[in-house]
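For the protein sequence lines, the chains are P and F, in the order given.
So the working numbering is basically just the index in the first sequence, starting at one, shifted up by 86.
So the working numbering is basically just the index in the second sequence, starting at one, shifted up by 86.
Since the hints were made in silico from the structure, they are not lab data.
Positions of the beta carbon are idealized from the N, C-alpha and C atoms, including for glycine.
A hint or two may mislead.
Among chain F residues calculated to face chain P with C-beta under 7 Å, some are [what the hints assert, rightly or not]: (1) Lys-89; (2) Ile-92; (3) Phe-102; (4) Gly-106; (5) Gly-107; (6) Tyr-126; (7) Met-140; (8) Val-165; (9) Asp-170; (10) Leu-200; (11) Glu-210; (12) Val-213; (13) Tyr-217.
There are 2 protein chains.
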Amino acid sequence: MDKKEIEEGVSLKINFEKRGGLIPAVVQRSSDGRVLMLAYVNSEAFDETIRSKMATFWSTSRNELWKKGATSGDYLKVVEILTDCDQDAIVYVVEPQGKGACHTKDPDTGDARLSCFYRKLDFEKGVLEKY
Amino acid sequence: MDKKEIEEGVSLKINFEKRGGLIPAVVQRSSDGRVLMLAYVNSEAFDETIRSKMATFWSTSRNELWKKGATSGDYLKVVEILTDCDQDAIVYVVEPQGKGACHTKDPDTGDARLSCFYRKLDFEKGVLEKY
Numbered sequence: 087m088d089k090k091e092i093e094e095g096v097s098l099k100i101n102f103e104k105r106g107g108l109i110p111a112v113v114q115r116s117s118d119g120r121v122l123m124l125a126y127v128n129s130e131a132f133d134e135t136i137r138s139k140m141a142t143f144w145s146t147s148r149n150e151l152w153k154k155g156a157t158s159g160d161y162l163k164v165v166e167i168l169t170d171c172d173q174d175a176i177v178y179v180v181e182p183q184g185k186g187a188c189h190t191k192d193p194d195t196g197d198a199r200l201s202c203f204y205r206k207l208d209f210e211k212g213v214l215e216k217y
Numbered sequence: 087m088d089k090k091e092i093e094e095g096v097s098l099k100i101n102f103e104k105r106g107g108l109i110p111a112v113v114q115r116s117s118d119g120r121v122l123m124l125a126y127v128n129s130e131a132f133d134e135t136i137r138s139k140m141a142t143f144w145s146t147s148r149n150e151l152w153k154k155g156a157t158s159g160d161y162l163k164v165v166e167i168l169t170d171c172d173q174d175a176i177v178y179v180v181e182p183q184g185k186g187a188c189h190t191k192d193p194d195t196g197d198a199r200l201s202c203f204y205r206k207l208d209f210e211k212g213v214l215e216k217y
């Protein structure tokens with residue numbers, strides 16, 4: 087498939103091969119656009135996400151299909167899947183079904199944090215602070 | 087540095103080594119949370135972004151430092167940098183200084199598209215449509 091068709095066409099042709107079978111998937115909350123997590127997706131995980139409408143990834147640490155929420159209950163219902171221009175990155179737009187998306191826990195509540203991106207860089211001090 | 091310090095601490099310790107020197111950077115528009123692009127960052131690009139406050143990446147196709155906007159004028163001013171729990175993915179929260187962030191052009195206007203994520207999957211038909 088040529089570059090123009092990939093960038094401007096209607097054919098879904100995710101380029102899993104480009105980086106060894108995995109592409110990054112940004113997970114964004116539907117209600118407010120907050121970025122909840124970033125994980126990796128292979129062809130199998132992508133197909134399973136489309137089939138089940140629940141965000142599914144490939145765990146690069148466990149080397150297995152990873153349906154988010156399968157153990158925690160914190161499923162992420164996928165309402166949109168976006169692809170980028172060259173079809174080597176995607177966004178899952180989701181409605182969280184549980185407390186959050188992160189495996190870490192908020193020390194104040196004891197619940198899973200909503201987002202993995204809970205810290206920002208303080209440019210002046212060079213340290214992380216709460217976001 | 088142990089896992090707890092990486093996840094809960096204030097030390098900036100981006101794990102570039104985990105995936106061969108590059109981490110994915112999500113670029114998100116400050117005004118409305120729209121995801122504009124996803125690109126890769128190495129240690130040099132990260133430091134240059136902090137120094138210049140303009141989103142800088144490592145081009146994996148050209149194998150060189152890539153300051154977005156240097157040729158197009160479409161700089162992305164970085165107002166926040168977020169890191170995820172295990173510090174192997176980041177978000178640049180930006181204010182676009184030009185027309186857009188994508189290298190493709192909107193056929194209607196001829197300008198750079200605001201976002202690389204301009205198509206979504208039609209789940210029923212299995213094809214891409216405008217987003």
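We went through each hint and held it up to the structure:
1. Lys-89: 10 Å, violated
2. Ile-92: 10 Å, violated
3. Phe-102: 15 Å, violated
4. Gly-106: 10 Å, violated
5. Gly-107: 13 Å, violated
6. Tyr-126: Violated - the Cβ of Tyr-126(F) stays beyond 7 Å from chain P, reaching only about 9 Å at its closest.
7. Met-140: Hint violated; Met-140(F) Cβ to chain P Cβ min 13 Å, cut 7 Å.
8. Val-165: With a closest approach of 10 Å, the Val-165(F) hint is violated.
9. Asp-170: 4 Å, holds
10. Leu-200: 12 Å, violated
11. Glu-210: Hint violated; Glu-210(F) Cβ to chain P Cβ min 11 Å, cut 7 Å.
12. Val-213: Cβ of Val-213(F) sits 4 Å from chain P, so the hint holds.
13. Tyr-217: At about 6 Å, which falls below the 7 Å cut-off, the nearest Cβ of chain P leaves the hint on Tyr-217(F) intact, so it holds.
The structure shown violates the earlier hints numbered 1, 2, 3, 4, 5, 6, 7, 8, 10 and 11.
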